[in-house]
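K.L.:
Generate coordinates for the entire structure from the input sequences, incorporating the hints supplied.
In order, the protein sequences belong to chains A and B. Using this note's numbering, the first residue of the first sequence is number 1, and each one after it goes up by one. Using this note's numbering, the first residue of the second sequence is number 1, and each one after it goes up by one.
Check each hint, because a few of them may be wrong.
What the hints assert, rightly or not - Looking from chain B toward chain A, a few residues come up when the C-beta cut is under 8 Å (computed):
#, residue
1, MET1
2, LEU2
3, ARG66
4, ASP77
5, LYS84
6, PRO88
These aren't lab readings, by the way, just hints derived from the structure by calculation. Quantities reported herein were computed from a predicted structural model and do not represent experimental measurements. Heads up, the beta-carbon is just placed ideally off N, CA and C, and yes, glycines get one too.
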Amino acid sequence: MWPKQAWKHVYEPQIRAAAGLGVSPTEDDTDHYSSRYAHCDVLVIGAGLAGLSAALAAAKTGARVIICDEQPEVGGALHYDKSVTIDGLDGFTWAQATAANLKQMKNVKVLPRTTAFGYYAQNFVGLNERVTEHLAKPDKKLPRERLWQVRAKRVIIATGAIERHMVFANNDRPGIMLASAARTFLNHFGVAVGKKIGVYTANDSAYEAAFDLKRAGVTIAAIVDSREKPGEGVLAEARSLGIEVLTGHGVVTTSGNLRVSSMSVARNGGGAARKIAIDALLMSAGWTPSVHMFSQSRGKVAYDNETQRFLPGTYAQDCLSVGACNGTNDLQATIEESLAAGELMAQASGYSASQKLELQGSNAFSWSGGMAGAAEGAGPDTTVKAFIDFQNDVCAKDIRLAVREGMHSIEHIKRFTTNGMATDQGKLSNIHGLAIAAETLGREIPKVGLTTFRAPYTPVTFGTLINHARGELFDPTRKTPTHALEEAQGAVFEDVGQWKRAWYYARAGEDMHQAVNRECKTVRDVAGMFDASTLGKIEVVGPDAAQFLNLIYTNSWDTLKPGRCRYGIMLREDGFVYDDGVVGRLAEDRFHVTTTTGGAARVMNHMEDYLQTEFPHLNVWLTSATEQWAVIAVQGPKAREIIAPLVEGIDLSNEAFPHMSVREGKICGVPTRLFRMSFTGELGFEVNVPADFGPAVWEAIRAQAEPLGACAYGTETMHVLRAEKGYIIVGQDTDGTVTPDDASLGWAVGKKKPDFVGIRGLRRPDLVADGRKQLVGLLTKDPKVVLEEGAQIVADPNQTLPMTMIGHVTSAYWSENCGRSIALALVAGGKARIGETLYVPMPDKTIAVEVSDMVFFDKEGGRLHV
Amino acid sequence: MLLIYCPYCEEERSELEFRQGGDAHIARPTNMTEMSDEDFEAFFFLRDNVKGLTFERWRHLNGCGRFFNAARDTVSDKFLTTYKAGLPRPDVSTLRPAASAPVETYEATESDAK
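P.N.:
Listed below in structure tokens is the structure:
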């Protein structure tokens, strides 16, 4: 449609609005929801006659029973079928009495307003209980809805049947409704849906609606029955009530402005139409058994030719269908089948009945009949609107068109027409659509196939499904022992996985950039303290601990003496870097392993996997100790001076306690594992104390540090300082395709080792080939320009698009200590390019860079060893 | 959500407590450094993606923490048995459920419609 641009801004919005599509809200949901798990012996889905009978029989054995129903009150079809009596009580009254009886039993839970929406593996059923929505002033403490996740030993499905409408021209006028709806309005709510009512049916049940209305004083204009021979019982009753019955007739159209005002009736096969004035039209094409739950349980439905219904066929789980959803029509047969099922399922769960339950029911008529597809006289099939799917506006003619267009599978017809794809998921329309498709294709209904029933049975709110997992409870937040102190010192936090880490400590008037520059400078000139508690820590203990680490790391651990540390690299079997960290040997049989913050859990799992499944002969025990230790790094020229007054029993001199050592002793009177190590390139210590002592030790160190001019620093400064030294961060400078050699860490791979995880992967042809991407330093030609992390690198900025990209920037910072920008990058053949000029094309400019080595500050590393 | 029998805890626990760990009965070779590229490829990279009975590793991660093996049908998603790590493959002919129902799938209804 012209003009083209109008589609986006005029036509499409208009069409969407006309289609009644909702607008998703932008506000937070102010309601709250709850969730619980439940276990039972027998879960009964549906609390109509069948479900209540089954629950009663199961409950009497002492079995734990849960019975749920989507309606506010139990009763199902007993809401409207006033002709039913059970044990002398009117059906609906019996249902309420039975529910009250069940509620009193300790082993039974009765859940009205609760929809079983999904049937999953091993009798796991999801229920959605609407707790407060019906209340005018709900208790604020109660949830709006409650999600029940029920694991049942046995399930009884008693979900009844859903009435189908008749498919005829203009069947969508207001005032046209299902016969059972009109009957519920009358018998349950005391509302007559019209004064002069027509009925169009293909089965007996709609007659009873006409009888009830007639007895209530409503005029029944006529009962139009597409069958030649309705049930004898209902026909006789209609005659005695003086209701005109037109058998072998159809409603060919309706008229009316705001609601239906007439129906035109003609004999099947043609003939003149007779117009009958009405103000409501009840229709019923029969009843579709609700096999949704059965089908969701992966049971296979079978088509019953005689009654033209899909019924439960082969069961896949421990469940049973009873009553209308099982195709059982007769009232007494339903009762007996349900009682037997209740008893049987309780027995299967280990209970037995002391006495046989009996219930006597009676009703006015047994029903027969029913049809699927378009009624005769639905009119010419190209123009007439005989609706099948009222929600998605699918008419009989649309199904026929789909077949003409070449759709022969019901799955294709469904998607071509959108039949059954609205929120009711075809509860009304699927069987009609299928029958029309089958007729048009000239095939039998089961040969055309049935679309799969999927959860949810009816729509479930996102609130119920998300439940508590939103806001702060979406994901756990992990805080270090010294979090509150850092907050009080002005720390701004960043999220690192689930951890909150101090990012930088802003002082009055400082922005992040200024704070980080000050922190970087202070650490190198004086000293800084840093919360490193999030570092992963694993205690590796046992006579074979060193042997185990030999297999897990590329390094050799035999030569590491107790009291010393080593930087270790861990690979996957494919040869790529998996994690890194410093490992301290505390004793011959005890190692203190550290991992990256983000890698703690997966490294632990990786180690457990190998220990349990590949190296079970090794006598080693692994314990995660991440949260047991608070870790305070003290780094900088004055680090020793700061901690010295607090430490007892450890000689801190460079000779007695050199770089990469570990000692056990006391600090501030509490036990410590004191590491001499550095992720800054400065003289440094990492003070490990039991987590509970973290805050006190932090404050004691701070009291020593501040008078000397030292400060606390955050993760941003930590990142800059380590980059100045070319220390990599696994996961930032590596991406799962980087070998130790690519990262200039080849020295850490034990050349003489017979085996370690990744040893064979490292020798794969591609991992030893020339031209691999290698980690190098980048210096921008303009020292003021800081590169963007992730930016692509090219050799020739003037080449034609698309350019050949030879690498990318992995880390880039302003270095206050170097007085210029610095960067690390993965570049193809990078080590051979040192000194070369490369280019980083950005949207607005191209940045020239020179390839350098990875160390930008204190290249000799002398500052580590003072 | 499945119920999985942990052979170490000796009880059925919710699937939430477990992690699948890939194919079972693939032992890490002891002569790693002598393997040809083809042998390493077969050991490390190639997997069968079985339709039907498969043997796989599971870990009772949020429970006892132990790895164990399971025989599972990937079509019906049913566990035939679970057994301790290190034990040989069980004889599945005695385990296959007598009446295994075919599963309703999109493909199945598609083929019915031909």
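K.L.:
Looking back at the numbered hints, which does the structure fail to meet, lowest number first?
P.N.:
5 and 6
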